[in-house]
Structures are given as structure tokens and as C-alpha cells.
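S.K.: The chain contents come next:
Number of protein chains: 2
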Amino acid sequence: MNRSNENLDAVFHPRSVALVGITTANPQHWTRGFLEGYLAFDFPSRGRLYLVNPKGGTVEGCPVYRSIQDIPDTLDFVVGLVPSRSAPQLVEDAAAKGARCIHFCTAGFSEIDEKEGKKLEEELLRAARRHNVRIIGPNCLGIYCPEARMSFSGIFPRESGPVGFISQSGGNSNYLIRQAALRGVRFSKVISFGNACDLNESDFLEYLADDPKTQIIAMYLEGIKDGAQFRRALRYAAEKKPVVLLKGGTTTAGTRAVMGHTASLAGSRSIWESLCRQTGVIQVQNLDQLADVLVTLVLLPVPDGRQALLFGAGGGSSVIIADEFERRGVLLPQLPQHVIKELREFTQAEGNFFNNPIDYSQSMEPSNIRRTLEVLARWGQFDFMVCFLVPTQSTRVSDVRRFLLRVEDIGKPLAIVLVPSIVPEEANIIFETIKTYTAAGYPLYFSFAGAAKALNLVLTHYECKVARQERLR
Amino acid sequence: MNRSNENLDAVFHPRSVALVGITTANPQHWTRGFLEGYLAFDFPSRGRLYLVNPKGGTVEGCPVYRSIQDIPDTLDFVVGLVPSRSAPQLVEDAAAKGARCIHFCTAGFSEIDEKEGKKLEEELLRAARRHNVRIIGPNCLGIYCPEARMSFSGIFPRESGPVGFISQSGGNSNYLIRQAALRGVRFSKVISFGNACDLNESDFLEYLADDPKTQIIAMYLEGIKDGAQFRRALRYAAEKKPVVLLKGGTTTAGTRAVMGHTASLAGSRSIWESLCRQTGVIQVQNLDQLADVLVTLVLLPVPDGRQALLFGAGGGSSVIIADEFERRGVLLPQLPQHVIKELREFTQAEGNFFNNPIDYSQSMEPSNIRRTLEVLARWGQFDFMVCFLVPTQSTRVSDVRRFLLRVEDIGKPLAIVLVPSIVPEEANIIFETIKTYTAAGYPLYFSFAGAAKALNLVLTHYECKVARQERLR
Chain A
23 MNRSNENLDA VFHPRSVALV GITTANPQHW TRGFLEGYLA FDFPSRGRLY LVNPKGGTVE
83 GCPVYRSIQD IPDTLDFVVG LVPSRSAPQL VEDAAAKGAR CIHFCTAGFS EIDEKEGKKL
143 EEELLRAARR HNVRIIGPNC LGIYCPEARM SFSGIFPRES GPVGFISQSG GNSNYLIRQA
203 ALRGVRFSKV ISFGNACDLN ESDFLEYLAD DPKTQIIAMY LEGIKDGAQF RRALRYAAEK
263 KPVVLLKGGT TTAGTRAVMG HTASLAGSRS IWESLCRQTG VIQVQNLDQL ADVLVTLVLL
323 PVPDGRQALL FGAGGGSSVI IADEFERRGV LLPQLPQHVI KELREFTQAE GNFFNNPIDY
383 SQSMEPSNIR RTLEVLARWG QFDFMVCFLV PTQSTRVSDV RRFLLRVEDI GKPLAIVLVP
443 SIVPEEANII FETIKTYTAA GYPLYFSFAG AAKALNLVLT HYECKVARQE RLR
Chain B
23 MNRSNENLDA VFHPRSVALV GITTANPQHW TRGFLEGYLA FDFPSRGRLY LVNPKGGTVE
83 GCPVYRSIQD IPDTLDFVVG LVPSRSAPQL VEDAAAKGAR CIHFCTAGFS EIDEKEGKKL
143 EEELLRAARR HNVRIIGPNC LGIYCPEARM SFSGIFPRES GPVGFISQSG GNSNYLIRQA
203 ALRGVRFSKV ISFGNACDLN ESDFLEYLAD DPKTQIIAMY LEGIKDGAQF RRALRYAAEK
263 KPVVLLKGGT TTAGTRAVMG HTASLAGSRS IWESLCRQTG VIQVQNLDQL ADVLVTLVLL
323 PVPDGRQALL FGAGGGSSVI IADEFERRGV LLPQLPQHVI KELREFTQAE GNFFNNPIDY
383 SQSMEPSNIR RTLEVLARWG QFDFMVCFLV PTQSTRVSDV RRFLLRVEDI GKPLAIVLVP
443 SIVPEEANII FETIKTYTAA GYPLYFSFAG AAKALNLVLT HYECKVARQE RLR
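Protein chains in written order, with this note's numbering: chain A, 23 to 495; chain B, 23 to 495.
To be clear, the hints were calculated from the coordinates, so they are not data collected in a lab. One or more of the hints may lead you astray.
[As the list claims (entries may be wrong)] Which chain A residues face chain B? A few, computed with CB under 7 Å, are given here:
#	residue
1	Gly130
2	Ser191
3	Gly270
4	Thr272
5	Thr273
6	Ala275
7	Ala279
8	Gly336
9	Ser339
10	Val341
11	Ala344
12	Gln359
13	Phe375
14	Ala489
15	Arg490
[Claimed, not checked] Quick list of in silico lysine-lysine cross-link-like pairs, DSSO-like style, CA-CA up to 27 Å:
#	chain 1	residue 1	chain 2	residue 2
16	A	Lys487	A	Lys263
17	B	Lys119	B	Lys77
18	B	Lys363	A	Lys137
19	A	Lys140	B	Lys363
20	A	Lys263	A	Lys247
21	A	Lys363	B	Lys140
22	B	Lys141	B	Lys247
23	B	Lys77	A	Lys363
[Claimed, not checked] To be clear about the criterion: a stretch of chain A counts as covered by chain B if any three or more of its residues have a C-beta under 8 Å from a C-beta of chain B, and this derived list gives those stretches:
#	region
24	441-453
25	463-473
Just so you know, even glycine gets a beta-carbon here, dropped at the ideal spot from N, CA and C.
Just chain A, same shape as in the assembly:
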């Protein structure tokens, strides 16, 4: 779309990277997380990795250069882990080595409530402008891009995926990547960008809008640097692909926290809400909702409508999930009498009911469930199916897999709600089941309310898209 994209292409495909300021003494120090990440992702198989610390020596078998000048190579990308007061000098030194972009993880700039920090950040930006270097940060974790083998953590998935995530918070990036990854969502590029003294949310948004590897854009934003640019970028991106936004700092206390965290100007809640409505952006309220919506967008085939067929075990659970779903606008069509009659022919009446939710408490035998699904598939008057299970004594956890594994041949999109347990022995069994279903590619949710909210948000998004397209014709 514009000039900044070219610079960012270099960020996501560096041939040489230097981690400057990495600690040599303490393997537990946070700066070592970057080395762990780059080694776990085997960056050296793809590009050249250099470490810099005035003390020299070796770390994890890699030589440590005493200064950036000593590196016998040009540098494409630099990760700055130096103390904040050394940051402007690093810009100069990195530029001399050919670097076009530096990510500063270093904190202690405008986000600390002292004049000194603000002054230092201005000085940093002046140095960058002077040497034609772009800056990501400071006060952030930078880049996770599995395709380029760049990662700020060794435990993230190695595989790429369709989601691009722009996050003003490093901790929130970590949380979302891990939560979404456990549920089968993979990322094209994640950018934790902190204070945004130079490259900002709009630059990254424009880049991901044009990035062919990114099909869905997620954002955690605390504030924006340039309102007009952001509005343009958001409209542009949302025209091209689904955009999901979590806005941090929509209350007085949240706004104050934003000031301390990334020194951003949060803006009023209603402005953000109307901006999302106008542009068709899906707005969520917390990270779990963001994960739920991404799971839905990535893994649930687009249903033809919002008529859901619910299938699970437990009378009380059935009542509560029906309320939670319908309260949030998901529709539950009633089963016609002829279908109920057909089901009753081979299922006992006691302890089962077939009113949508279909409660299968007392008839967990696979053969019966299979026949039931065949009857339901023949009827077919619903758009997608939701299978649910809650760990209780009456629904033994050992039944979970036997029960769920049959829900495959329904010929409609299928979502699964599997409420986890915090009790270790159950948690382990449920986690195995979660992994099985995630590996099979099903969208998985951890609560009735979470599933209902995400389904409603995504269904509304699809409906609005169709309505917009019809208006345009």
C-alpha cells in the first residue's frame, strides 16, 4: 500500500539479526528468552544470528561480540535489549552496520511517569530519523514470525497460520498466542509494539491488510498515534479481511493503566464502538473472547445461518446452555414431532430429552448416538451443530471421548464446548480430549457463555458482510 510496507518486508525476512545487550551471566534473565526463541525456531538455518554484550564470551555455544562494530557482517534487523540510556547510541551503531529496523524491548521511556523517560524516547526517535532507521517499540517483545523463524519465545508453535496479531502488550501477546495455539489457531505474524514511538499500529495494520499470508487480523490496542491514519488503515484492512479488536483502556481506571503501561492516549469508549460498527470490525472485551472469536473465524466453516442444533449430556446443563445461547442471539429450532418420534423408537424416554438441546444423559452408547445423528442429518433443518460436555460426576470424564467422537457425520459445521476441570486428574483427561479435537480441526470452547458470545459475534460479522455486499451491488 505504501512505502512503509517495504521497510516492514525487511523486518519479517531478515538475513541477519543481532541480539544486542543479551545477558551472559544469568540464564534465567528475560533477555535470554529471545535467544531461546531464535534457537528453538532454528533461525540459523535460515539467516545469521549474532549476540552482543560488552563482556564477550559465549552463550549456549554462540560467540558473544563485545560490540556491534565487531560483527563481521551487515545487519538487517537488531533486537535492542540494552539499558534505556544506551538506546540512542545503539541506533547509530546499528545504522552503521546497515540495519534498517531496530526492535527495542527495553522499557523505561515515555511509559514511566517521569520527564526523563519522555526525553529519552524523543532522543531515540531523533536518532532513528537521522539515520533512516525504523523503530519497533520501545517497551515491547517485538516479532513472532514462524515462517521467518523469528520468535520471542521458544514455546510458540513452529507452524505458520492465517492470523496476524498486532499487540501493544507483550504479556497479552504471550497469553493469546498460547491460548489460541492450544485450540488450533496459528499465526502468520505477531507484532508486540509497545510505546510505538516510530512504527505504529496503523503501519502494521496496513502491512497485514496487504500481506497474502494473513487472512484474519487481530489487534490489542491501548491507544492510537494518529487518528486519521488509523481510521483509514482500519477501513482499508476491514474491507479486505476480518478484523477483531480488543481495546484496552475503555474505562477511567483502564485509561490510567494504559498511561502507565504504554503512555498511549486511550480515547473514549463510544468513539471506538462506533468506529468498529462503521468498519465492520468485530470488537471483543477480553483476551478469552478474542481467542474464542479467532477459533470461530479460523476453524468453523461459515454456517448458512444462525440456527444451531445443540447436543450434549445433562438436563440442567441443557437448560443453561439453551438460555446462554438464545440470550445471545443464537437460534435453537425446535425438533419436529416426527423426528422426536423417530429418535424415541430406539432411545429410552427416561433421562433423555430431544427438544434442542438434545440431552443424551442416559444413552451414551456409540451405536445409539450414531443412529441419532443419522436421523438428525436426514432432517437437516439447522445451520450448524454444537456438542457440549461438562465434567460432573454423572457425566464421567471417561465417557467424554466416547460421546464426542461420534459427532462427525452430521454434514454441517460442528463446534464443541468442553468445560475444563481444574482438578488435575480430570484436567489431564480433558486436556487429552481437547488435543484430540483440536488436532481433528474442530473449534473448541471452554464455556457455554464464551461459545455463545463468539458465535454471535462471528455470525453477525458474516451477516453484515453479506448486507454490505448487497448494498454495493
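Please arrange chain B on chain A, whose structure you already have, making use of the hints.
M.R.: Same frame as chain A, but now just chain B:
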């Protein structure tokens, strides 16, 4: 309060109980759960336990009588596990043995969508009236009363506690008892009462309102049998102790599910909402909210107001928790400059901020946290404290306990939000931490939103109570 209380007193203090219709062949059969429960709770140390099945023999070392007539004893309480068509006969036989109350677990009555079931339930009630026997159920799990050593599960806590729970669903009873128990909430009496053909929600409510062992009443209701009686009972109970209500079937689909589950008439949502408002009953939307509210009522000392001080790790987490709390009406007073200055004297500025939430990302050392708490305690301009932690890579799970264990000497009510992980190795560590804090008596929550909702509901309840008392003076 009335005649029915006397009958119920016998239910909760039986000297002899018979489990009639227990399966002798299959130890996995659901009827065996009751024997497991009564044996795990050592009922025989308190009263006489009898088993009945036409096949005779022994089960778990207990003799099985071929018929109830063969039992050489009078019976106070009978648990009916027989097929539905044998239920009316059991009433007659139990009455002949002196039983004043029978709990019918058996399903297959009015809740199944067939005339036969309805007719059978009417027949059952007629038999009960004829023989002056009261019925709990049918289609329910009956009584959990640790003090009387009665339980429909072997895994519930042995200790009694202040919460009485009246639930129309057995599965929901199981779920709530376990969830609440894991978080330190104990029960005086739990009644799962299903179809309520005889004893109904109002009878149990009146009983618990007068029960000196019950300080808080929780309810999961799908419908009511007698509107006028229920209104009276609810008003009476809510005058005497906090009442928390989860109403199942507040939507069209939920109401339909209620019909299939317990054949109750659900009633409109707005009627229930205004009834709760008028009586000062706390209304919740799902079982996790119900558990959150009970944890708050039981374990959080009543705060003087709704000014919260938030203390945790993570910039992004701090922003989101601030939004989640303030959005739901919990107030976060700003720290005055002199307090921030005092804290800055011994804490680095980078990676920590002190704006409430207090973000302690980079300074997890116990000595620093202790000094911080001392400064905050001296300041003291808040009503309660909330400590929060999210498992992410940057907040290592091993830090969790070190971090939290220091938050003790603040001299104000303390709540803890500890977001669990579904990853087994983390889940185990977090579960141990949950147990530690639960054992120490702290109220514990599993999400920012959940904590905020529950705190707001309970604070509002306390405020309304004060307002009502002032109006009455």
C-alpha cells in the same frame, strides 16, 4: 415456620435409611452412587442403612433384602431407585415400614413427553397423600447433608458449611458442589428435587430460611409450583439471609428444555428479574457465576465500600482487569503522588507502574512486595484488595506462589484472581496454589470478568441491605 418443617427435619436426621432398587450386578450402575455416598460418609456410624433388591445377596459387604417388608426395622427415610412403574407400590410398602418421606431418584414421569409419565406421577402423588408420606422428586438426586452423613456422591466434602442449596437439577448440584468445594465453600444441606410432585422449592426454601445451620441460600430453579407460596417464601427467606438465584429457562429454548427436564412452567424472564429486585435476591446467569457469588459471600469479609486496590503482574493484564472491574461498577481509586513517590524509592521504574492496578511485573522479590504492602496499608484509602495473576511465559508459574504469599498483612479484605491453565504441567502447579489459598481461607476467582461480576453483585446486595435497613428506621 409451618408444619412442613417438622417433616423435613426428619428428612435431614434419619435414624434409618433404605436404598430400594439398588443394582447388585453392575458396580458402575448409577444406583450404586448412593451406596458409595452413604458409605463414604460413614452413615452406618450414625444410623442404620438397608439395601433392597429382589435378587438379594450382598453388595460391598452389606446384605441385600429381597423386599422392603423383610427389613427387621422401621424406616425413617427411603431412597427410591426402582423403575417408575413400581414407584406407587414402593410408597405403600415404605409407609407400612413407618417412612415419612421418600426420595424418588427414578425418572420417567411428567418430564417425558408422554401421557403415561404424567399419569404415573399423579398416581404416585395420590399414593403419597393416601399414606401420609412426603415425596422428594421424582427425577432427582435427593439429599446431601454432611452433618447427617447423607450424600448422593462419595467425593463431596465431609465437612458442613454455611450454604444451603436447593436445586431442580442433579447434574447442576454436582457441578456446583464440586466447583464451590474446590474453592473452600461448604454446604449445610443440598436438595436436588427434580419434578417436585409433592415437596417443592417453597417448602425447602422456608425450611432453609429457618434452619440455624444455613446462613446463605442458593437456588437453581427451573419453574415454580405455586406462585403465591413462592413469593411469600422468597420474601421471608431473603429477609433473614442472603439468597442467590439461578433461574434456568429464561429464554424460549431454555423454557422448552425445562419442559423436557423437569416439566416445570418456566415463567417470563422479566417477572423473575423484578421479583429478585423487590426481594433483594442476587440473581446470576450461570453456575460459574453462582459459584463466584457464593465464594464472595462466604469468604470475603464484608468490605466498607466498593473501592478496590488491584495488585498484580503484567501491563496488558493490568489494563484489561482495570477495564473489566470498572465496567462492572467496582471503583479503583487513584494512588496519590506521595504514595507513588514512596514506592518508587525502592522499586525500579522500568516495567512496574503504580496507578491502581499496581503492576509489579519486574519486581517480584518478596522483600520489595512486603515493603510495598506496608506503604499501601499506611495509605489505606481503599476498601478491599484484589491480587491477580495470569499464567504466561513472562509471569513464570513458579513465581506465582512467591508473589501471592506476601499479600497478607494489608489489613483489608483480600480477593485473589488466579487464571487457571489447561496445560497439565501448569495446571498442576496452579491447582496446588489454588489449594494453598483456599486452605488459607481466601476467596479465589478464575477470571477477571468473573471476579468483577461477583464482587459487583455482592457489593450491590450489601448496599441495598443497608439502604433497606435505613428506610425501616
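S.K.: Now, for every hint given, state plainly whether the structure supports it.
M.R.: Hint check results:
no., hint, in the structure
1, Gly130, "holds, 4 Å"
2, Ser191, "holds, 3 Å"
3, Gly270, "holds, 4 Å"
4, Thr272, "holds, 5 Å"
5, Thr273, "holds, 4 Å"
6, Ala275, "holds, 4 Å"
7, Ala279, "holds, 4 Å"
8, Gly336, "holds, 4 Å"
9, Ser339, "holds, 6 Å"
10, Val341, "holds, 4 Å"
11, Ala344, "holds, 4 Å"
12, Gln359, "violated, 9 Å"
13, Phe375, "holds, 3 Å"
14, Ala489, "violated, 25 Å"
15, Arg490, "violated, 29 Å"
16, A:Lys487 / A:Lys263, "holds, 10 Å"
17, B:Lys119 / B:Lys77, "holds, 20 Å"
18, B:Lys363 / A:Lys137, "holds, 14 Å"
19, A:Lys140 / B:Lys363, "holds, 18 Å"
20, A:Lys263 / A:Lys247, "holds, 23 Å"
21, A:Lys363 / B:Lys140, "holds, 18 Å"
22, B:Lys141 / B:Lys247, "holds, 17 Å"
23, B:Lys77 / A:Lys363, "violated, 35 Å"
24, 441-453, "holds (count 8)"
25, 463-473, "holds (count 4)"
Checked against the numbered hints given earlier, this structure breaks hints 12, 14, 15, 23; the rest are met.
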